[in-house]
Amino acid sequence: MNSIRVLLADDHKLIRAGLRLVVDQQPDLSVVGEADDGRQAVELAKSLKPNVVVMDIGMPNLNGIEAARQIREIRPDAAIVMLSMHADEGYVLRALGAGARAYLVKDSATTDLVQAIHAVAEGKSFFSPAVSKVLLEDYVRKLRRSGAEDSYDLLSPREREILQLVAEGKSNKEIASLLNLSVYTVETHRAKIMQKLNLKGVPELILYAVRKGIIS
Amino acid sequence: MEVLSQVTETGLKNDGGWPSGKLRLILLISFGGLLGLMVIAGLDAFHLARQMHTQEEEIRQTLLAHTQPLLVLSSSIYVYNDRIEEYLMSQDPKSDGPRAEDFSRLQAEINSTLRKYPANCQPQERALLESLKQLYTDQQGMLDPVLSWSREERRRQAWRILNEEVLPQRSRIQATSERIELWNSQQKGATDREIFASFASLQARQTRLLTVVLTAGLVLSLASIIYLLRLGEETERRYQELALSRAQLEALSAQLVDAQETERRSISRELHDEVGQSLGALLVEVGRLAAAVPSDNTSIRDHVDKIKSVAETTVETVRNIALLLRPSMLDDLGLIAALEWQGREVSRRSEMEVEVQSSDISEKIPEDYKICIYRFVQEALNNAARHSAAKNAKVAVEQTVSKISVSVSDDGRGFDPQRVRGLGVLGMEERVRRLGGTFTLESKPGSGTRLKAEFPLPHA
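Top to bottom, those sequences are chains A and B.
According to our numbering, the first sequence holds residues 1359 to 1574 in order.
According to our numbering, the second sequence holds residues 819 to 1278 in order.
No lab work stands behind these hints, which were simulated from the structure alone.
Heads up, some of the hints might be wrong.
Some, not all, of what chain B presents toward chain A, calculated at C-beta under 10 Å [as the list claims (entries may be wrong)]:
hint : residue
1    : 856
2    : 1091
3    : 1098
4    : 1209
Derived coverage of chain A by chain B (criterion: at least 3 residues anywhere in the stretch with Cβ under 8 Å from a Cβ of chain B; other residues may be distant) [said to hold, decoys possible]:
hint : stretch
5    : 1372-1382
6    : 1411-1422
7    : 1438-1452
8    : 1464-1470
9    : 1494-1503
Using N, Cα and C, we set each Cβ at its ideal position, and we do this for glycine too.
Chain B on its own, in the form it takes in the complex (with noise of 0.2 Å):
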């Protein structure tokens, strides 16, 4: 047995092909980096959308800081001339209309409005700011001769004034204006432009990433599945090898056990046919020179009696060997007397006393049950009495139609089956087994032990 797991053991551990500790370590780098490939591109992912973001609104804010004061400035200086047309147009001498302050006030807030604006000013912007100033520049030229007027010469002057200097100029304010709203509105698809440009970057970058993580992903469960799908191959190989070797190692000791069976009873035919025949006949012929020998030829009779004793002995062991290896009463009488011959010689030669029980047991059932029945009994019987200092054992043997049992009980003091288990309880079990039948073993320490085994019969 130890010869064979050994064999077993060795055979499994020079065979490659199962996962070693250097594959474990790629595959764990492997998985490792993929994971740590996955986190970065999130991570990632998330920078970039914040930075989106950020860029997107320094972009908003810089256009607005731009459009705003210009907006702002075209505005102030329509509404002061707005204003330079009401001075004029105001006739009623009890509302004076706007008066210097109100201009002052106007001129202040655009003054800051231009002291305020940008430094930094793109070409078409500059222009634009540059045309702005001029309208305001001409505006104040035309309103400084005006607020030094009387009322009178304003009323004289104003339609004059109007048609040709505060009109035109509004129309020029409102024409210098849609050039703003025009160039605000370039600026805004420019803005959108530039942002969809870094946008676009932003996302090309984050694709590439991506790429490499589900390239190196595929790559990697590829890899995995093709080394499973190449492991359960081996495996399955594996188990229909081991399969294969335990029914051989089965029918190996099946024929073993027959190959035993057969030599014990060759050899036991053996010592009762030929042995035993000559000791009998041995026998006969000194138990004829006892009769011849004169009674009172002391010297004789004493020797013939030596010889005499010597023959019996050696017919007892003799016969003691062949029914050990073979028991004659197994075809003489049949297996119930067989069991009973053996329980009685259990009982003779130990302290145990055993009982045989059965009922009606066929004696047509097959010679190879008959025999691993007396062989279990035989096992169970030397056992209970070797070790288990049992005063009663009972050996059951039971018949229905379909199957027989025969148990064999002590009142021992038991063991652990768990942990003991001889070389004898495998023999039985292999025994009944390689009959198609069941081997139970009860035991505990303490409190006695129960074998049984359990046979289907092959034919009602």
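Just chain A, same shape as in the assembly (with noise of 0.2 Å):
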């Protein structure tokens, strides 16, 4: 069995040092690189070639988004784990749209850190149970306090089969071949899934199925 190559980029060398020793501790995980900031992470995902990215959003020089944005453009094939302070709707919709695959609130890394390493390892998602917890109390809230209706009961069964496979992280192609359906019909299923739910790309897409628990 091939082993997975991680990368850690986090500015305090004792988080480093702990997230070290979780992932080492893995037989079929190992830790290729240590980075102390943004462009070293950068530039040592280009140099080491590691399948996955645990990286801190808060770094000096180039911050976790932005580092992760531009290690998507080298290597699109690296998944990146974010750590971040703050289980918020801000960040995890920017790192999202940045290109992380996962997201683990600091507190939980230790905990949840190899479970998320493994998903994004095969193409899943991953949200630490707190920010899937937080997400949700602030749609139920919006919702509650604005009197509107959930808009998820408004999606046929098909749409919402369509719409956790996107969030999954699968290709119209991939789930046109799932489902036994043209590309074109998927195409017309994920603009209508998105109209109805008023979102804009897929971060927000998969924003959504993770507050509703759709992917964890």
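Bring the two chains, given one by one in their own frames, into a single complex with the hints.
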């Protein structure tokens, strides 16, 4: 079995050491490098060709969001696990927008890190339970206060199915072959989902799915 | 603030030079006195003019009382003489000419004038009167024999009497009359001189009074002008002092804001980097410890879990303090994301739902502005959540080429900005003004509150 190559990027040495211990304990994971800041992370991602980059969102020189964007450009097949202090929509949305597939709150990083690395290595998403909880709470509170209806009820079963597959990171082509539909039909469904849920772009869609507990 | 205003007040009180009550009283009395003097001078002038008029009239009347009877007397004597001539020359037996009754009437007239003549006479006047009396007596003496004559006798004697007595007498009367005229005109001149002299004396008095009034007025005006000029200079000096101290105060408060922000940032960084890192490492270690503890050893596991939970709470607390001091999202994600985060935070903590609207905000705006806008929104939202009982609040950020504006409005109960103005609002205003921005607060009891700040952008 090929081991998963992991790059760790965090400006705090102590945190990095702790993360490294967690990762090194797993037989199928190996830490190939450590970066002090965003810029170094981008350079190391280029030279060390890691499968997964575990990165703190708040780093000097180049912050995690920018670094993730650049790494995804240079190495589209490198999956990114974002670490953050904050379980907040703004952070999650921007991390997703920059191409991260997993979002971990630092408190629970050690518990969930291994699971998250495995998930993104397989092309899936992963979010700390705390993140899902906060996102859902915000969503429910907003609905309650504004008196609006949950737009999820507007979706047809097929649309819900496609929503989940899109949120899990599948391409239109993959979804089409999975469901025995034409790519064109999948595209139409996607557009309708975006319209019904009033979403702009895939990051918002993933966020929505996390919030609704469709993916975790 | 209170201390500052007290300092300014005592500073003003201790310094002399401002119009005191005593000075005001002096000014009042001086100007009042001057006015009084002017009124007195005016009344005096009026009184003098009337006095002068009366005096002149009196003098003229006195003169007239003396010259008039004298002239009447001389003309009466002349007429008397004329009648004598007429009587002598009347040869016509039919018309008798003047008769004895005519003469007695003339005599009565002259006698009455003489009787009525004023007693207070000057020597010259008395001489004239005496000579007139003499002429009159001579005339009487001349007429008495003529009247006793018969017509024949009269015809014979007429020419002689006429030439020897009547005509010379007439010349004397004329001479006396001329002397009277002369005296009369002399008297008139004297009267005029007298009037002029009294007029001159009155005028001198008036002039003295006017001089006093004018001098007093001049002195008072000069003193007032000098005082006013000094007052003007004083005011100017005070104004400049005030402007200076105001500028200093502004600079000081700007420094305070800067210092506060710097201090907050360094404490926040310290918390985040040192305390946060250690706690993070602690959490990692505890996590590993928990994983290493055999699952059947429940007592140790419980302890480890307790340690973990305490550590997590501590991490949370430290993070919140750090965030309050310095929102790291401002550095991590930029202004709008930080504002959205702030809005969600307030929504989570309070009963007020916050919506953040923004359009095309450049993240390249200077750091000062970002912090100012962030703090502005933070303060406004916290105030609204705490005091307004609002259900909804809206944060709107707009940017054009030359300026950026941010507004926070709520649908709460509002207040009267004239009466309520907390330190928080003052601080916001100060922060905004420091960057050359304008700050507006609109609120009315019962109709929500809207705070707005507008900043000119330093460069396009």
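Now for the hints, and whether the structure bears them out:
The criterion of a C-beta within 10 Å of any C-beta in chain A is not met by residue 856 of chain B, whose closest approach is roughly 82 Å, and the hint is violated. Hint on residue 1091 of chain B holds. Least Cβ distance to chain A is approximately 7 Å, under the 10 Å limit. Because the beta carbon of residue 1098 of chain B sits about 5 Å from the nearest beta carbon in chain A, less than 10 Å, this interface hint is met. Of the supplied interface hints, the one on residue 1209 of chain B holds, with its beta-carbon coming within about 7 Å of a beta-carbon of chain A, less than 10 Å.
Residues of the stretch 1372-1382 of chain A lying with their CB closer than 8 Å to a CB of chain B number 7, which satisfies the three-residue condition for coverage. For the stretch 1411-1422 of chain A, the assignment as covered by chain B holds, since 4 residues bring a beta-carbon within under 8 Å of that chain's beta-carbons and 3 suffice. Restraint check on the stretch 1438-1452 of chain A versus chain B: 7 residues with Cβ-Cβ distances below 8 Å, three needed, restraint holds. Given as covered by chain B, the stretch 1464-1470 of chain A passes the check, having 5 residues with a CB less than 8 Å from a CB of that chain where 3 are the minimum.
Coverage of the stretch 1494-1503 of chain A by chain B holds in this model, with 5 residues showing a Cβ closer than 8 Å to a Cβ of that chain against a need of three.
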